[in-house]
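*Asks:* Chain Y is fixed; fit chain E onto it per the hints.
Respectively, the protein sequence lines represent chains Y and E. Under our numbering, the first sequence has 152 at position 152, and the numbering climbs by one with no breaks. Under our numbering, the second sequence has 359 at position 359, and the numbering climbs by one with no breaks.
Since the hints were made in silico from the structure, they are not lab data. All figures in this text were calculated on a predicted structure; none of them were measured in a lab. Honestly, I wouldn't trust all of these hints.
[What the hints assert, rightly or not] Quick list of simulated restraints, FRET-style, between CB atoms:
#	chain 1	residue 1	chain 2	residue 2	range
1	E	192	Y	38	55 to 63 Å
2	E	295	Y	35	53 to 61 Å
3	Y	117	E	25	37 to 45 Å
4	E	137	Y	94	30 to 38 Å
5	Y	95	E	139	29 to 37 Å
6	Y	38	E	253	55 to 63 Å
7	E	253	Y	32	56 to 64 Å
8	Y	215	E	131	33 to 41 Å
9	Y	95	E	295	34 to 42 Å
10	E	368	Y	94	40 to 48 Å
11	Y	130	E	258	37 to 45 Å
Glycine included, C-beta positions come from ideal geometry on N, C-alpha and C.
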Amino acid sequence: MLTRREFLKLCTTASLSLGLSNTLISEIAQAFAQNLIPKPPLIWLELGTCTGESISLDNAVSPDVRVLFQEIVDLKYHWLLMQAQGKRAVQAVFETIENHPNEYILVVEGSVITKDQGRYNMVFEYNNKMYTGIDALRLIAEKAKHVIAVGDCAAYGGPTAAFPNPAGAVGVWQVIDRKVINVPGCPSNADWMTGTIAHVVMYGEPELDDYNQPKMFFGQTIHDLCHRRSDFETGKFASYPGEPGCLFKVGCKGPVTFADCPVRQWNNHINWPVETGAPCIGCANPGFPDATMPFFQHLPNIQTSLKPINPLTVGKIAGAITALGIGSHLTFNVLTGRLGKHWLQGTVDTDETSQEKVKQEEIIMHKLDQVLHKQETLIDHNLCKKEGLINKMNKLVPRGRKKI
Amino acid sequence: MVKKRIFPVTRVHEPLQVDIEVANGQIVEATITNQLFRGFELMAVGRDPRDASLFLQRICGICSSAHAIAAAYALEDAYGLVPTQNGELLRNLIFGADFLQNHLRQFYVLSLADYIRGPEQAPFKPKPPGGDYRLPDHIEKKFLEHYWQGLEMSMKCHEMVACFGAKAPHVQTIIPTGNIQSPDRDKIITYGSLLEEVTSFIENVYLQDVDIICRYYSDYYKIGTGYSNLLNFGLFPEGKERKPYYPLGVVINGGEPQELDQAVITEDITYSWYKDGAAQHPYQGKTVPDREKPLAYTWNKAARYKGIPMETGPLARLWVKGTYRNGISTMDRLVARALEAREISKLLARWIMEIIPGQPHLYPYELLPNAQGIGLTGAMRGALGHWVKIEKGVISHYQVITPSVWNFSPRDEKGQRGPAEQALIGAPVEDLDSPLSVGRILRSFDPCFSCAVQVIRAR
Chain Y
1 MLTRREFLKL CTTASLSLGL SNTLISEIAQ AFAQNLIPKP PLIWLELGTC TGESISLDNA
61 VSPDVRVLFQ EIVDLKYHWL LMQAQGKRAV QAVFETIENH PNEYILVVEG SVITKDQGRY
121 NMVFEYNNKM YTGIDALRLI AEKAKHVIAV GDCAAYGGPT AAFPNPAGAV GVWQVIDRKV
181 INVPGCPSNA DWMTGTIAHV VMYGEPELDD YNQPKMFFGQ TIHDLCHRRS DFETGKFASY
241 PGEPGCLFKV GCKGPVTFAD CPVRQWNNHI NWPVETGAPC IGCANPGFPD ATMPFFQHLP
301 NIQTSLKPIN PLTVGKIAGA ITALGIGSHL TFNVLTGRLG KHWLQGTVDT DETSQEKVKQ
361 EEIIMHKLDQ VLHKQETLID HNLCKKEGLI NKMNKLVPRG RKKI
Chain E
1 MVKKRIFPVT RVHEPLQVDI EVANGQIVEA TITNQLFRGF ELMAVGRDPR DASLFLQRIC
61 GICSSAHAIA AAYALEDAYG LVPTQNGELL RNLIFGADFL QNHLRQFYVL SLADYIRGPE
121 QAPFKPKPPG GDYRLPDHIE KKFLEHYWQG LEMSMKCHEM VACFGAKAPH VQTIIPTGNI
181 QSPDRDKIIT YGSLLEEVTS FIENVYLQDV DIICRYYSDY YKIGTGYSNL LNFGLFPEGK
241 ERKPYYPLGV VINGGEPQEL DQAVITEDIT YSWYKDGAAQ HPYQGKTVPD REKPLAYTWN
301 KAARYKGIPM ETGPLARLWV KGTYRNGIST MDRLVARALE AREISKLLAR WIMEIIPGQP
361 HLYPYELLPN AQGIGLTGAM RGALGHWVKI EKGVISHYQV ITPSVWNFSP RDEKGQRGPA
421 EQALIGAPVE DLDSPLSVGR ILRSFDPCFS CAVQVIRAR
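Excised from the complex, chain E in its bound form:
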């Protein structure tokens, strides 16, 4: 048995370290470590609740709009506000465009280099030694062009975000009750034409590229499978009912989706760098970082549903909705992400037509001195929840549960590995100096450790 550490796993948002044990060419043990602690929720305490969506989106530069949206939902829940129709549509348009941005960037900029050899030029230089790259030269060449096009397209998606969100990353318009930017006709036209361009790229290039990768690397339909437990918090509320387009739900062992019960979400810090006991008192306890804690190996906590580790992300959303149930694996995650991008591009085209210029897009509201609320949504990489408590007019408690806290959670008190750790077990490692399979599996989850380390507490 050989031990191997890879740090940093590059093309990931923030420092991801993975330690594997390999026996007979297969991974038999794996731990994933997040090496960055910032503690945004502790900073939120004492601040003006109206600042929540602007301040807390600074948690993450790749999915900033997701945090802005979740914070706005949480405040709306706390203050008993219903967003205006236009406001909701505008927020969905910003958020949806940010999804496309993320998915295109995830595939082309972060994932593709796992499957193509690339030229002797930055950022493909230096290269991993050896390597199992299977694409013929003419496809390689085409993919390299698409790499830069994909980057350009995700830039255009950010332009769409900025149409109604002022700027990207870190939009400045998402607030409770709606969106600050009004649905001006010129903005609608700009957004629409950019959307057309991006949609055409998704349908004609992105989907086909994913298809080609799947064909050459079809063994990855059986690699990186993990637990087959999926979880989704709902995404894109629509219409007067505010029913999410992607419904809430959980899947245990790849079965039929069940209803989500928020009450059984817990978190565990047995193997996390926090002092023990903090999880016992969700709304009172103070979580104290402790880098010296024995056995602990990461800043991530272990989110669990009924004590079960759950995977979340585009695959979970599509599975719960019923639009994709081929399987749960490295390739399935790539495919689901691409299909989701196509679905969202269609949704955006519909929503842009539903906007009514001139109608209200926000309204002033009363700030209650004491309130509490929950904001659940789906971020690009899976289920995202914000919990806020307001006392004497300021935030007295804030907690964020991010997708990466589910996917990249460490072991829990029962010793169960996190979903991504589990997905690594059994993966083939032909060359210890260049364990490409590890990167392929991990990146299929679209890890984001900027988000992952939050001081979460059990509910």
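Just chain Y, with the same shape it has in the complex:
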């Protein structure tokens, strides 16, 4: 069996031209044959989603979906694929919970809809009881060995949670009281999903960053890996999408988005947005889409209540914010929400915004201003050691998780 180190090498940039190569599959098959690792059951739960992740997963090349669902895991429930319907299908969920407690993997696609106690999204009926997405998620997650949130919606709320968030969509981690491995993207790249699932099966939880995203896929910014990076360095900028040159000025969010798209590319390495001349819209960013819109507006137009952010430091600031980690997730969400609102001028807030909520937000915004201020100071002093920076940042922001 491959060592974990070798596996990581396969998954990360070194051998990307091969994708998750066939080596991996034969290794896994061998491991199963020798009973080195058990084949875990897997439940795939769709909540408030466009089904983009399921479709993207179908685009997996090696391992492909058949190998993934038949040879790497034992697929129990996936409503887009399974033959049975109604009660017979749902029965598989309950049987898995009962027969394989703390063995199965739960993959969640789509954000958790919380409006009206979650009744804006019902997912199945069993024994004459209707289950909301929240009910189903809590029930299945309780006895799952691992919970993996795929796509931006499941990880952070994503487009479904875009302002004014009519359905009250939130990420999976905000609803269940346990660790969630986040695999973002809109949709998530097939390799990111298959790679994470394969790692979980073979070696357990992969090394995660502060957002609980696998480092092997989300360790560097698009900007750092971009093949137009030299254009940025030499100051060759495109003035309209589709032109050659760095796309920063036409809205590229590559500097604030951690993902390996430039080297991994999309759809069997056919293409990827920046190659076409389309700016990165930051779809793997925890704040997507509000924090990265307008898509064709370049970053300097961000206004905080503190002051306009300087275009040359914005990448560093946003990078630092990203590095702050899950502890500051709330802060980041508020930041993005606030920025989102600022960009969405003329938007009338929904009726639901209570006085209390506004007050709370003001307090957080005040704290955030302080954080931003301190951050800029830190960055000005050019503290290059990222680790040190993260530690210092972590001390600055309040810890705490938002619960619904």
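*Replies:* The following block gives chain E in isolation, referenced to the frame of chain Y:
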């Protein structure tokens, strides 16, 4: 009379619940419920209009390019823009490849499991109890191979989409005036060779597989017929005139196609979970979700044409164009989808030759502070329209009418069932524990509930 609920109806995009009443082995009453509300149009308000095609395609992961295209058309209409020839061709090539992707996936991944028993292996495990499966073993075996091949082919179609669209699902290049990816020679060659492979699969495998299913399940030419009212918004504009290859039109009671009049499209929320009255003021009224509304049973609204429920999809397109008029039923929908895939594969082969590398594929345009526009097209599963209103440079109003809002609409104020509900009436149910006919009929419409719940307003 026995009542039966099936939830979820699997192999459908997003949560579909169906409640049927069965008497003497036949369905006598049916309601279809969409159990997911997200509200994308409310989110569109206040945003930069240039983001519309990128943001609103997030409505749907299976037909994302359709929403991107409709949004681009709507903005072009609002700003008075004409796309470049190359830009239009590139968009058609992306869109057409996404059609093939959808049709292959729809048949092999979503529909086929209704007609073959399959092995004791995921995703054919667990199996529906009992069941009326009629294919002999050797054909079953062949079909199972085709199941995985079909999946692979739809993956290759997505590679074609990505050639000019950067990635799939959710392409990143479709904008007003054209397409961001230029028609590079290497991309054209890659696209062309993938197209050849996919075309060969469609002609040699897909069409024949559909033919075999039709022969073994020929009674389904009489099951799932519905109202026989068809509607099409037009699809694939071509040439300088921008005349759609699949023309606009409506068919009432299976007759001759008539011209489409957009002014008589309305929607009804009598049985939808929205507060009453919102439909009265199309451009001013605010639609408010109301999950407690008495009698209401779905998030879908009921789109109507002159107050009539209409079916839309590949069958409607081919019927209006005149290339297929055999009938309107479960099997006819499957056949029309396959024939449409073949027609589109031929179109793509023509368009790829019409591209002129080096010629403009987009151009900068002026953003007007106030404007409004309509973008009509056909999505994979039928007529799709986007309506946009821009004030002070930002989107002030957005509405989307999707195919599933036509096909899977609930009852209206007159009590008329939606087209798919109507199609279920009279269908045989031999085994109440395993009502296969229900799934077969519903999936022939290729339902997509990710798209269906939008806050639409009458025009």
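*Asks:* Next step is simple, just say for each hint if it's right about the structure.
*Replies:* Hints versus structure:
Range check, residue 192(E) to residue 38(Y): about 46 Å between beta-carbon atoms, so the 55 to 63 Å window is missed. Taking 53 to 61 Å as the suggested C-beta distance range, the pair residue 295(E) and residue 35(Y) conforms, at roughly 58 Å. Distance hint check for residue 117(Y) and residue 25(E): the Cβ-Cβ separation is about 39 Å, which falls inside the suggested range of 37 to 45 Å. Distance hint check: the CB atoms of residue 137(E) and residue 94(Y) are about 32 Å apart, consistent with the given range 30 to 38 Å.
For the hinted restraint 29 to 37 Å between residue 95(Y) and residue 139(E), the CB-CB distance of approximately 31 Å keeps it satisfied. Checking the proposed 55 to 63 Å range against residue 38(Y) and residue 253(E) shows it holds: the Cβ atoms sit about 59 Å from each other. About 58 Å separates the C-beta atoms of residue 253(E) and residue 32(Y), a value consistent with the hinted range of 56 to 64 Å. Between residue 215(Y) and residue 131(E) the beta carbons are some 47 Å apart, a value that contradicts the proposed interval 33 to 41 Å.
Separation of residue 95(Y) from residue 295(E) is about 36 Å and conforms to the stated range, judged on CB atoms against 34 to 42 Å. The beta-carbon spacing between residue 368(E) and residue 94(Y), approximately 56 Å, falls outside the hinted interval of 40 to 48 Å. At roughly 42 Å, the beta-carbon separation of residue 130(Y) and residue 258(E) lies within the given 37 to 45 Å, and the hint holds.
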